[in-house]
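Student: Those protein sequence lines, which keep their order, are chains A and B.
Heads up, the first sequence is in the working numbering, so the first residue is 369 and it goes up one at a time.
Heads up, the second sequence is in the working numbering, so the first residue is 369 and it goes up one at a time.
Hints in this document: simulated from the structure, not taken from any laboratory.
From a predicted model like this one, the values you see are computed outputs, not experimental measurements.
Treat the hints with caution; some may be incorrect.
Any copy, or any two copies together, can satisfy a pair, since identical chains are not distinguished.
[To be verified] Cross-link-like lysine-lysine pairs, in silico, DSBU-like; alpha carbons within 30 Å at most: (1) K636 with K548; (2) K766 with K549; (3) K736 with K719; (4) K467 with K548; (5) K636 with K787.
2 protein chains.
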Amino acid sequence: MNRRKFIRNTGVAAGIGILHPALFADSLMNTGSGTLRVGVIGVGMRGRGLVDILIRRNDVDLVAISDIAQDSIDKTMELIKATGKSNPKVFLGDDLYYKKLLEMKEIDAVIIATPWQWHTPMSIDAMSAGKAVGCEVAGAYSVEECWQVVRANENFKTAFMPLENVCYRRDVMAVLNMHKKGLFGELMHCEGGYQHDLREVKFNNGKQAYGGGVEFGAKGYSEAQWRTQNSVTRNGELYPTHGLGPIATFLDIERGNRLTHLTSMSSKARGLHNYIVEKGGESHPNASVEFALGDIVTTMLRTARGETITLTHDTNLPRPYSLGFRIQGTKGLWMDVNSGIYIEGTSAPHKWDDAKQYYEKYDHPLWKKYAEDAKGAGHGGMDWFVINAFVESVKNEKPTPLDVYDHAVWSSITPLSEKSIVLGSEPVEIPDFSRGRWMNKKNDFGLSDIW
Amino acid sequence: MNRRKFIRNTGVAAGIGILHPALFADSLMNTGSGTLRVGVIGVGMRGRGLVDILIRRNDVDLVAISDIAQDSIDKTMELIKATGKSNPKVFLGDDLYYKKLLEMKEIDAVIIATPWQWHTPMSIDAMSAGKAVGCEVAGAYSVEECWQVVRANENFKTAFMPLENVCYRRDVMAVLNMHKKGLFGELMHCEGGYQHDLREVKFNNGKQAYGGGVEFGAKGYSEAQWRTQNSVTRNGELYPTHGLGPIATFLDIERGNRLTHLTSMSSKARGLHNYIVEKGGESHPNASVEFALGDIVTTMLRTARGETITLTHDTNLPRPYSLGFRIQGTKGLWMDVNSGIYIEGTSAPHKWDDAKQYYEKYDHPLWKKYAEDAKGAGHGGMDWFVINAFVESVKNEKPTPLDVYDHAVWSSITPLSEKSIVLGSEPVEIPDFSRGRWMNKKNDFGLSDIW
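Build the full structure now, drawing on both the sequences and the hints.
Tutor: Dropping the structure here:
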């Protein structure tokens, strides 16, 4: 299957129709003999987690890495050294030095694992350079930047995949498998969110990644250097995709269904200030920082087909980690906080079943096949699956299972929720980034046991 | 403490200020020698549950009952006969015959346990007749009727208490006790709802209360006779108080805090239609009924103090019963679906504690004192407590722990959520029914071990 054919098929699959030949004249990929040549932009803690998966694969050549920090480069090279693989080319320089990596003709695909504000320009530059893009997740800063990524993708015709790992979480995929078999009936309502006490991520002592101090920004380390400022200046659903991504695969979002509108509401903000005062004292300079981000931000979304979704963003308060999933249909529901499933006619009336028995019985074919390969990979193995999906689909010149429209819709929830909150929870329309193509696209996520 | 003094104190407590003597010239109550003389309007299944509690008390004389159905009267009389107590006067007649009961000078207080649409006119008539009122819960049909009850209460100056039993649920009160001791810190966000598969309540065979057929309205029995029509014609948070009532006691609603606005979103409606087709066949006349009520209705509310609340109404789909409580503050949270509590510094980091140990340790003084008396009473004993609170406070001429402003605010959520849904989830203001008095009122709910 050649590149030209691939693009035409992608176009048909996405309902694009006739393509102008000029649209796919550029960026022909050479995937070599079953090998994908990958560059990674951003090899901080997250990037190294992905590098670790890439270098263990026989079908990937890690040909280049790029970062702005010597420390990150050094740690990545150590990681590679341990595997005995050949050293990648290193691009260490200022913020824009990643462009040098993109000039390498020997690169087929790039993984982007940089701070949120770089996802859009780097993605566009990479697509413009003809590279397939696997981009780490985050909310966007504006709806316009979501459109920019869509336009670039439609223009340059390279693969683009948001690396939403939770779509591949083992229990989530087992429950998706149950849904595909009709066990929940017609879906009505889903819940999810990002409920993760990030106080030790947002603040540290400038030397370690987690805690030990209440510094952030220039005095912080790793994510505290850049992520925390979002909590200072923005109030909204800042990290929607871990909850929404998996739900989108259940509800056929951009595949026969789409998100139409949302409304968001925010509680007051106390958690981050309290943490600074508690750990750093009232006289610490950061004790006077005012945080915009409400401790709990709740967002309700509706779909064209009439399902509802509730997302919760909860990262400033002490709590056990939970993505708070609920998948509910006409025949039953799953909730992950109590690991409970109820299926009418199967479960004892009005009683929760322990979901674990279902996770085993309906373990997804992908997990059955690759659980051994995924062992030890980040986040319980799901990182392996999302990288595998990206590598396999790009390598085989097939559409990626998640694409630029998923990326745009999911990411747009952040600026749209900010807008809704500013407007006192006014409902806000969600753009149709695919301009109608969602109507005829089929949902094949999770139907394959290849990726 | 005489009636006049009681009223003046109530006025002061509620911040009303100077009262015109004419306002409390009527309706002096004779509580006898520590005995409350009670009439019950509506002795269907719910009313009889309350009668059963009333007749076991030594401080209550059940002097009259009223209903429109011979069957309900007969079953109530059997219940009373079994206790050996003297028979109440019976008012059996048409819809308005309850007014005859209200003419009885020998009645101090009435309990109203009739279909939702009668709560407002009966409450107003009862207060106008000088009776203290304990009114069963439901959402209102309009905001105006909430105002009517408030105005009547302010005019006639009798006690008015919404009989929200879940405010007295044992685990809820234990968690309230924890909150009063500061274990959750400053509250940020609460969740609750009414998640109860009511399909066998909404439909039956006209002979039994639960299931056995798919009839409702004139051909139904008990609640199916009147409740189901609300699902045919209304889409909103139809039954807010079991979730919102307890949350209001945590968040000091109408006691230093108030609800400012809400927005609601509804899923499509499938559950009730599917149930009719499944149990009654596609050719059953009710299979052509279109239900307005979305299967899942989610409502977000915000408070003056900046907390957020999410309510879920979920009564048409198969599921285990759950009110879905979550009480979350700066130091920890409780969720009832997983019976989990997390308290920073006490719980193992990032791990849920089993809430049961806390329920025991922080068992509310009221429950410790009265658990034996409540044994066998409806809904796990909590019905006993709500009736006890009403009887004790009225008998002792003290303000009821829940009052007409609670009733108005909680009940108004229904028509306001209907409005929000019609407007595509527009935010809707919640009226300040107490006109500013909430600012200076103290929250003493659950502080007493008397009621």
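Student: Could you run down the list of hints and mark each one as holding or not?
Tutor: Checked hints:
1. K636 with K548: between (40 Å within a copy, 20 Å between copies)
2. K766 with K549: within (25 Å within a copy, 59 Å between copies)
3. K736 with K719: The answer is both: 29 Å in one copy and 29 Å across copies each meet 30 Å.
4. K467 with K548: neither (42 Å within a copy, 58 Å between copies)
5. K636 with K787: both (17 Å within a copy, 26 Å between copies)
In this structure, only the earlier hint numbered 4 is contradicted, and the remaining ones agree with it.
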